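Asker: Here's the letter readout for the chains.
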Amino acid sequence: MQMYEIVRVEELAPKIKLFEVFAPQIARKAKPGQFIIVIIGEKGERVPLTIAGYDVERGTITFVFNEVGKTTKQLGMMKVGECIWNITGPLGNPSEIKYFGKVLCVAGGVMIAPMILQVKALREAGNTVVTVMGARIKELLFLREEMKALSHRLYVATDDGSEGYKGLDFLKDVLANERFDRCIAMGPVAMLQTVCELTRPHKIPTVVTLMPIMVDGMGMCGVCRVSVGGQMKFACVDGPEFDGHLVNYEELIKRQRMFLPEERLSALLWELGGCKCGRK
Amino acid sequence: MAGSESKPKVKKKAVPMPKQPPEVRRHNFNEVALGYTEEQALEEANRCLQCPKPQCVKGCPVEIDIPAFIKLLREGKYEEGIRKIKEKNSLPAICGRVCPQEEQCQKMCVLGKVGDPVSIGRLERFLADWERARGFTIPEKAPPTGKRVAVIGAGPAGLTVAADLAKLGHEVVIFEALHLPGGVLVYGIPEFRLPKSIVQAEVDYIKKLGVEFKLGYLIGRTYTVPELLKDEGFDAVFIGTGAGLPQFLGVPGENLGGIYSANEFLIRVNLMKSYDFPDYDTPIRIGKRVAVIGGGNVAMDAARSALRLGAEQVFIVYRRSREEMPARKEEIENAEEEGVIFKLLTNPTRFIGDEKGWVKQMECIRMELGPPDESGRRRPVPVKGSEFLMDVDTVIIAIGRTPNPIIQRTTEGLAVTKWGTIVADENGRTSLEGVYAGGDIVTGEATVISAMGAGKRAARAIHEYLMSKK
Chain A
41 MQMYEIVRVE ELAPKIKLFE VFAPQIARKA KPGQFIIVII GEKGERVPLT
91 IAGYDVERGT ITFVFNEVGK TTKQLGMMKV GECIWNITGP LGNPSEIKYF
141 GKVLCVAGGV MIAPMILQVK ALREAGNTVV TVMGARIKEL LFLREEMKAL
191 SHRLYVATDD GSEGYKGLDF LKDVLANERF DRCIAMGPVA MLQTVCELTR
241 PHKIPTVVTL MPIMVDGMGM CGVCRVSVGG QMKFACVDGP EFDGHLVNYE
291 ELIKRQRMFL PEERLSALLW ELGGCKCGRK
Chain B
53 MAGSESKPKV KKKAVPMPKQ PPEVRRHNFN EVALGYTEEQ ALEEANRCLQ
103 CPKPQCVKGC PVEIDIPAFI KLLREGKYEE GIRKIKEKNS LPAICGRVCP
153 QEEQCQKMCV LGKVGDPVSI GRLERFLADW ERARGFTIPE KAPPTGKRVA
203 VIGAGPAGLT VAADLAKLGH EVVIFEALHL PGGVLVYGIP EFRLPKSIVQ
253 AEVDYIKKLG VEFKLGYLIG RTYTVPELLK DEGFDAVFIG TGAGLPQFLG
303 VPGENLGGIY SANEFLIRVN LMKSYDFPDY DTPIRIGKRV AVIGGGNVAM
353 DAARSALRLG AEQVFIVYRR SREEMPARKE EIENAEEEGV IFKLLTNPTR
403 FIGDEKGWVK QMECIRMELG PPDESGRRRP VPVKGSEFLM DVDTVIIAIG
453 RTPNPIIQRT TEGLAVTKWG TIVADENGRT SLEGVYAGGD IVTGEATVIS
503 AMGAGKRAAR AIHEYLMSKK
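Same order as they appear, the protein sequences are chains A and B. If you're matching positions, the first sequence starts at 41 in the working numbering and goes up one per residue. If you're matching positions, the second sequence starts at 53 in the working numbering and goes up one per residue.
If you're looking for bench data, these hints aren't it; they were derived computationally from the structure. These numbers were taken from a predicted model, which means no experiment stands behind them. A couple of the hints might just be wrong.
Stated by the list, open to error - Here are the simulated EDC-like pairs of lysine to aspartate or glutamate, each with C-alpha atoms no more than 16 Å apart in a straight line:
#, chain 1, residue 1, chain 2, residue 2
1, A, K83, B, D331
2, A, K273, B, D168
3, A, K69, B, D283
4, A, K294, B, E306
5, B, K408, A, E290
6, A, K83, B, E407
7, B, K325, A, E302
8, B, K408, A, E82
9, A, K69, B, E279
10, A, K69, B, E284
11, B, K248, A, E302
12, A, K294, B, E407
13, A, K294, B, D406
14, B, K325, A, E291
15, B, K64, B, E223
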């Protein structure tokens, strides 16, 4: 059976890790905007993660995750040379990358990592790219130098104001003074919603990446259904990118919390079990 | 062995299948039907009249020589018996369990005119289980042909094609999008109807034939069909990607928490083994009052799974009457015995949620049957003003599945119908040279055995194609 060897691990910020994994068949087909499904073992769940990089020659893909649930905590304990049980991908539709003009990219949390791919591709397509990267606190900001080097201009924001702007309110002024042809937002749902409310009055087409709960990630189960413009869409096969001004965020937030008690229980039991990796 | 030579007296009653009692089985996921003992199998086999012109064979989609295997069984020649079945069917332990025999071989059995038909499926299962218990013998394979075939989808159609082509000496690679092989056999049909260890054993048998499985490869994304033929060096491709997309009702409130597609519910329970959460990582939430919408086998599977997960009351809500239910009679009876409550001539019109966005009620309307529609069944018509509310905290929507579209979208020149199925002739030939298809992806949602029948025919056609090619 094919195994997916971890070739590089980087701790980008506390509890935020980057993995580079050998998966040549995915590396050769991956495009910005696509995701993978990771399963750590026979009893594992299927976890969707956005692709943050790929290298056809090395045959590797890169992804970044936050150690929040049982699976990501277990993943976080894995080391270079160890193997992930199964990775499926690339899944979802690639991003639309072409010349738009001036593009505002807003990334929050772990999604800063895949945003690097977007910014790179948008630059290569000739766009002027202004990037905003945000996190809850300054300690959770990462890949800042890379992002700065790739963007024409970079803004930094934190929820508590410990670094850069406090929140995204500053964008009101930016948007009032500058014309953007497109906005791309990747991050927590609350952030996506905020960005869309900011760009809506200026009628800037805004593309958001949605990562709701998924099981198979290829259109079979329908748990990732979202309402977009009043229509039912599956984030895994119709997305993961959608017109952010048409997404029903209230419903999405409720649907993301559907299994919260179970997720907490699972993580808690695992921690009480002493973080043993001895999974059968 | 007794009774094989002397002319047997016709016994009208079939030997009943031993089963877990309903009050026990509704609390566990173990297999419901326990299988015949050797004595029971011999007794049932002896009911067969060994007709000179057997009708049963005509009812079998893969044309198993039924009287021949039954004769071997009752002579105690189990090895020869199972080999006789396997000449035509690589997955007998599965077919013996999930085939709708009452609509196929057993429907044609002449004994059915005077009493119960011979329980052909149960006898098939007996031989298959006997073989699995003592270990498979691998049949002789033809010498390698040097031809390579890519099979897309490790469900009933794909597994059949792969087994047949491997036996003929071709190199076969199965690409399966999920992390386990089996398709609907692992993600759809529950453990209590088809234990997953049986599917695994059949898959192991196919592996021993030399077939390679690539799991987690979604063709259309990881590779496209043209890439398999041009870049990856395959001489032919078989598409058996099935009908795996859920359908929803399209009524208000369908995105509330607690509302699952049958696919989601069954994938969680069967493939991800949520019934063993938190030992397995994938959770499932089941409430006290569960409504399953639909009247097919999938609806019965979902309802019976819900009971086993601890629901207090489980309702089947179906818009037509019992006669029109597409589920197997046996499964309807099993569900009823276990305590599933049938709300017939009833259709949901909207779902009402609580403040957290969880479903708490379902508004339904009563239906009556009008004149027959194009399917020949009487069309259900809503009774005006008959809306009423049902308290529910879990809803499972089991109103059918549609074909997986990704290969059709990524394969230029592949002819597709307006329903999204792939156009293929009876031998699986599509509009593209070297590309074959069969099973639900061609017919729309149907049975395991019809997919296997299509796989058989396609394997024959692919073999001819490969051998005629230079």
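Asker: Okay, which hints does this one fail, numbers in order?
Answerer: Structure breaks hints 2, 6, 8, 11, 14, 15.
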